[in-house]
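Visitor: Sequence:
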Amino acid sequence: MSSKPRPASRRTPRAIALAAALLAGHAAGATGAQLADLSLEDLMRVEVVSASRKTQQLGEVPASMHVLTAEDIRSSGARNLPEALRLVPGLDVAQLSGSRWGISTRGFTGRYANKLLVLVDGRSVYSPLYSGVIWEAERVPLDTIERIEVLHGPAGSVWGSNAVNGVINIITREAGETPGGLVDLAIGDGGRRMLRARHGAEAGEGTAWRIGAMADEGGAGRNVAGGDANDSYRQAMADARWDRRWSADARSTLEAQVLRSKSDELQDEALYVPPYVQPLPLRLSFDRALLAARHEQRVSAGLTTNLRAGFTAENVRFGDRADLRTRVLDLEAGALWQVAGEHELSLGGGLRRMDLPARSTDWMQVDPEQRRGVEWSLYAQDEWTLVPSRWRLTAGARVDHDIYRGSHLQPNLRLLFSPATDLALWGGLSRANRTLSRGESDSVVKIAVIPPGTPANPGALPIQLLTGGAQDPNLLDSRYTDAFELGVRTQRGGVWSFDLTAFAHRMRDDVGASMIAGVPAFVALPQPHLEANTAGAPYTVHLRGVEASAEWRPANGWRHQFGASYLEARGPGDASATGLDRLMYATPRWLAHWRSVIDLAADWRLDARLRHAGERGAPDVPSQHVAAYTALDATLSWRAGKSAELQFGATNLLRPPTVEFLPDLVLATATRIERGVFLRWRQGF
24 MSSKPRPASR
34 RTPRAIALAA
44 ALLAGHAAGA
54 TGAQLADLSL
64 EDLMRVEVVS
74 ASRKTQQLGE
84 VPASMHVLTA
94 EDIRSSGARN
104 LPEALRLVPG
114 LDVAQLSGSR
124 WGISTRGFTG
134 RYANKLLVLV
144 DGRSVYSPLY
154 SGVIWEAERV
164 PLDTIERIEV
174 LHGPAGSVWG
184 SNAVNGVINI
194 ITREAGETPG
204 GLVDLAIGDG
214 GRRMLRARHG
224 AEAGEGTAWR
234 IGAMADEGGA
244 GRNVAGGDAN
254 DSYRQAMADA
264 RWDRRWSADA
274 RSTLEAQVLR
284 SKSDELQDEA
294 LYVPPYVQPL
304 PLRLSFDRAL
314 LAARHEQRVS
324 AGLTTNLRAG
334 FTAENVRFGD
344 RADLRTRVLD
354 LEAGALWQVA
364 GEHELSLGGG
374 LRRMDLPARS
384 TDWMQVDPEQ
394 RRGVEWSLYA
404 QDEWTLVPSR
414 WRLTAGARVD
424 HDIYRGSHLQ
434 PNLRLLFSPA
444 TDLALWGGLS
454 RANRTLSRGE
464 SDSVVKIAVI
474 PPGTPANPGA
484 LPIQLLTGGA
494 QDPNLLDSRY
504 TDAFELGVRT
514 QRGGVWSFDL
524 TAFAHRMRDD
534 VGASMIAGVP
544 AFVALPQPHL
554 EANTAGAPYT
564 VHLRGVEASA
574 EWRPANGWRH
584 QFGASYLEAR
594 GPGDASATGL
604 DRLMYATPRW
614 LAHWRSVIDL
624 AADWRLDARL
634 RHAGERGAPD
644 VPSQHVAAYT
654 ALDATLSWRA
664 GKSAELQFGA
674 TNLLRPPTVE
684 FLPDLVLATA
694 TRIERGVFLR
704 WRQGF
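Okay, so the sequence shown: first residue is 24 according to this note's numbering, each after it adds one.
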């Protein structure tokens, strides 16, 4: 195994505090402009694209949506995407270990939450290997982000499969908006160090470019027993972007990124002899190279077309247990057509060519080892203005064809009523589908050994449990969610705004490794034991809940953001027997969020965030239960002129070291999330 990142120094917190004190003293006489904020009226007029693939104002979106601005991210001191997403009301963000996260909305949180679609400028980063997002590998540089649009609820008719419970769309800045250079350095306790450098310039009229690189690493934390959690990580990334505005009606973008990520994990290794399980340190190696191009053309006053192409290559190696690869070519074309003034049509389609080679190991058998295929999609949506500035109806549908289970339809119907310029009421009916992953469809994994002479295995031989593969073909066409939503959005006098959504979902899916299928088979080597396949079980779960968010600005330079969500899940009576309860209760019933941002002086800002997560799992099963917790994060910023900023931050205050989430992969071990401090310096030139 390659060398680990250096362990954390005990002197790091003391050094950070001393440096902060010295720099703060130097800044006492500094002057500068007040940090700017969008007004509430401007915020409601922010243009978004995630709700319907077209530009529209946030206040006119018939869906539950939150926009995270670049200034929000900067003010918070977030060092990666999950930390930034903790600012979004109603989004469940739980840290599993030093670099691993579980993120979802409206239930079923997990490391690879398979019902949340994540996009970067409309390009999906949903992994065909794991049926989810590998968050430790999604290193979009935060300094290049213009905004993050978070859509709560299904959006399959717009973005396709896997947009079941929500969509996160990360919108990046054009190269022309980030001229000059930037150096961003952060150090923190726990051995965390991050360095980001970027430079950009114009290359003639209408043309601009930028290049950048980043390195990030962190030391190991502690597991629940107080030992080494073996969760250190090291990442390196380089990115480039080129933008060209050919005219007022045409523009093109070319982007490239290469990334190398190595992160450690402690898993349980199953044995055929006592003690039948032992800790096993493993390293996840993830390499990615991508190239993406976009072109947008305004053909006429009522017609705009866009083309998109991209190629992504990924290599994933999990120690000696798994060796998986992806080679994906994406092509997409779309058009926005204004018809007769009352109808605005969105039309388009796409092709995806996938090459998914894999190598079988003793731990994971893959069949077939080579899978290739072509997926396609077609979509159409009509936004019909029934009464100008009052009633608007949106109807659309999308057909997706995937390589595992063929074609499926995802319809959508939404109605928006605006009785006043500062008030909107909306409702929606929709269906969204989830696709299988390579792991679900084609792999069989050794997950655990049941010792002999136990209630679960009274026999004389240990039983090796196997999971994965599509043992029941009837399960392959059962992954969909039907949703009904109602919402209201308003803002008054530029002082406060309020957003409320109620929803009900009917979810049809299956839970893997839920029961033994067939008769266990005898295996003589390497030790006599029995092997038993486990099969997935179909389920229907009903979700209902409420999401609320508000913003209050009592004075210039001071704003408060509030958020709360309630989620109730009802499943079949045998949910505990099939393991479904672990999925149903992986998301807390209650989530709450309060953020206060205040400009203390001309160049000083305090950003404080209080967050609460209710309990997860079953209270009567300690091994599956995480207690509720409340934590405080705070960042103090000093703007040293127009191009430099110093930040001192603290995270996870008001609580002891806590497990935020139990690994949903049965082999992984839980990690305590510690309190932390960091010092950060940004310098532009």
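These are computed hints drawn from the structure, not numbers from a lab.
The structure displayed is predicted, hence computed values, not measured ones.
Think of the CB as a built atom: it goes at the ideal place given N, C-alpha and C, for glycine as much as any other residue.
It is possible that some hints are incorrect.
[Unchecked claim] Beta-carbon label-pair distances, calculated as ranges:
(1) V69 x W575: 39 to 47 Å
(2) H635 x G476: 42 to 50 Å
(3) S383 x R350: 14 to 22 Å
(4) H583 x H318: 24 to 32 Å
(5) G325 x V518: 32 to 40 Å
(6) H635 x E697: 17 to 25 Å
(7) D65 x G450: 41 to 49 Å
Visitor: Each hint should be assessed against the structure and marked as holding or not.
Guide: Now for the hints, and whether the structure bears them out:
Here the CB-CB span from V69 to W575 is close to 18 Å, at odds with the stated 39 to 47 Å. Between H635 and G476 the CB atoms are about 44 Å apart, so this pair conforms to the stated range of 42 to 50 Å. A hinted range of 14 to 22 Å for the beta carbons of S383 and R350 is consistent with their spacing of about 19 Å. A beta carbon spacing of about 42 Å between H583 and H318 contradicts the range 24 to 32 Å that was offered as a hint.
At about 39 Å, the CB distance of G325 to V518 agrees with the hint of 32 to 40 Å. Checking the proposed 17 to 25 Å range against H635 and E697 shows it holds: the Cβ atoms sit about 19 Å from each other. Under the hint 41 to 49 Å, the C-beta atoms of D65 and G450, about 27 Å apart, miss the expected range.
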